[in-house]
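Undergrad: Given next are the chains, with one letter for each unit.
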Amino acid sequence: KAGVTQTPRYLIKTRGQQVTLSCSPISGHRSVSWYQQTPGQGLQFLFEYFSETQRNKGNFPGRFSGRQFSNSRSEMNVSTLELGDSALYLCASSSPRLAGNTGELFFGEGSRLTVL
Amino acid sequence: AQSVAQPEDQVNVAEGNPLTVKCTYSVSGNPYLFWYVQYPNRGLQFLLKYITGDNLVKGSYGFEAEFNKSQTSFHLKKPSALVSDSALYFCAVRDIRNNDMRFGAGTRLTVKP
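Just so you know, the sequences run in chain order A and B.
Taken in order, the first sequence gives residues 1 to 116; the numbers are from the numbering used here.
Taken in order, the second sequence gives residues 117 to 229; the numbers are from the numbering used here.
All clues given are correct.
DSS-like mimics (lysine-lysine), calculated; alpha carbons at most 30 Å apart, straight line: (1) K57(A) x K165(B); (2) K57(A) x K185(B); (3) K138(B) x K57(A).
Keep in mind the hints are simulated off the structure, nothing from the lab.
So here's chain B without its partners, still in its complex pose (with noise of 0.2 Å):
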């Protein structure tokens, strides 16, 4: 079964500074990846998706992902952070096999004016 690995529980920045959040995955076959962010009471909102092409993935807000096939990583960047940034940011993978989407345990960022 894939499985996904965010590895920071908590990652703060300053306003202005360039801001990453770490994922890793396992997969079998070729990964469907994707960020999702939650802000406080609300459901995930769907950042972007890596799924062909492009190792660089750029969504919305601002927002990108790396996709590295050989460190199997698929990290999420901002080159300039917003306070209105901090919130809950997901990792997930979906299986194409089995169409199972997992998620990761979330990394909590803060964004510090």
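Pulled out of the complex, with its shape left as it was, chain A reads as follows (with noise of 0.2 Å):
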């Protein structure tokens, strides 16, 4: 089965300009997550995903924002980059919905953003 797949891997971008993440959930799954980890404010959760719907968001300005698609892969994309959204983005996929789960996360290896 295979797992969690974000794209890009790595990129870079200037201030200014905005970027878009891509993930692609375990087959199955309907949740996704996603996470922003940096070395001083560790992972910061900046919102969920379910059957399309936006079901929990963090404490990020408005520059951030997500979509689901009806098969479940999800994007975010980050307007008007500061140097202060380079950090790692994680997206994770869980299946809340089905029987028997008990709601671990399975995490893709991430998109590192560098903005310049």
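Dock chain one against chain two, each of which comes alone in its own frame, and use the hints as you go.
TA: Set out below in structure tokens:
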């Protein structure tokens, strides 16, 4: 069974640009969560999508947005990039609606964004 | 809202010695508790979880964790550390009422030969 796939793995942008990151969850998983990881702030929850609906949202500015498609694939977008947006962006999937699921997340390898 | 605390930024142990990585949590209701490990430039890998039942939970790579409800703790343990266990470890708690998963700040484990 294929794991969670994130693309691209690495990217470099300049301040003011925008970026879109993609996440393909494990087959059958309908929930996708996004996290930002930085050395200073640790793992910060961005948002969670389930069946194309945003179910939870963390404390990030409106420049950070996401969406989920009918095939459960998800994208997140960051507009007007700032230096502080440099981070590892992690996507995780889970299947909270399946019987017996106990809610562990399965993570992708992440997309490392560098903003210059 | 639920929260997780990992009181140690760094834990150093010698190879072959037992290791403990500490975690305390706060959540309304019954917690779902998890440990994850992260190697450099990789995503997080699931190690083990506590949902209900025995307080001692066994997981991958010889790790185990002890759930203590009165102390609201879920410490990760291993009887004999390996150099390859050196990594960043995260404790997490899921509030089943809102399905929200929150992570601790992480503890960097270094095992020295």
